[in-house]
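K.L.:
Chain order of the listed sequences is H and Y. Here the numbering used here is used: the first residue of the first sequence is 1, the next is one more, and so on. Here the numbering used here is used: the first residue of the second sequence is 1, the next is one more, and so on.
I should point out that these hints are in silico values taken from the structure, not numbers from a laboratory. Quantities reported herein were computed from a predicted structural model and do not represent experimental measurements. Cβ coordinates follow ideal geometry from the N, Cα and C atoms, glycine included. A portion of the hints provided could be inaccurate.
If you want the footprint, here are the derived chain H segments under chain Y, 3+ residues with CB under 8 Å [as the list claims (entries may be wrong)]: (1) 9-21; (2) 91-97; (3) 100-106.
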Amino acid sequence: QKEVEQDPGPLSVPEGAIVSLNCTYSNSAFQYFMWYRQYSRKGPELLMYTYSSGNKEDGRFTAQVDKSSKYISLFIRDSQPSDSATYLCAMIGGGNKLTFGTGTQLKVEL
Amino acid sequence: NAGVTQTPKFRVLKTGQSMTLLCAQDMNHEYMYWYRQDPGMGLRLIHYSVGEGTTAKGEVPDGYNVSRLKKQNFLLGLESAAPSQTSVYFCASTTAGGPSEQFFGPGTRLTVL
């Protein structure tokens, strides 16, 4: 079993839809949670970074962490075609090593 | 400020050939990482370095070697390439201390025939 599970998609939604992306994890040592966005043929870029359980909002993006359920989510409101990318969840337990999910491919269609 | 750069962008090798991938960062970061990304597997850590002159193994180190002779550079070597090493390779860097954002390079697409 992988330490981090993420549905690979692809997920296709119409412009303006609310998108929900999720990851589950099994390692209780994970304390820091990140979402990276990766456009086609580019390197990943950090989108959101959270530590504690609860919600963190940044513009149209909301990251949610539920440590008791070992479940994290990323919500995108009013999705735009420019949001079309692969979204990777990532987690840190100790040191500065990231453990990534496999990524969810999102397409927002006009 | 170029951030993290990787050389080359693309490469095709024959089985058994060797090559070196170069990563350079201009952010004065202590930590540097090499990942490979394969379909359905996500990003997997190959080797990493927590400072000049130090290296350590990650999740999938077999078949690769690394060196960090200068703080700004991190080299990934393939001594005898195999088709299983066909992948996209990403370098990343971050500051020392607590957990922090890793900055990624644009990637190197390697095909081993």
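K.L.:
The structure should be examined with respect to each hint, and the outcome stated for every one.
P.N.:
Outcome of the hint check:
| no. | hint | verdict |
| --- | --- | --- |
| 1 | 9-21 | violated (count 0) |
| 2 | 91-97 | holds (count 3) |
| 3 | 100-106 | holds (count 4) |
Checked against the numbered hints listed earlier, the structure breaks hint 1 alone; every other hint is satisfied.
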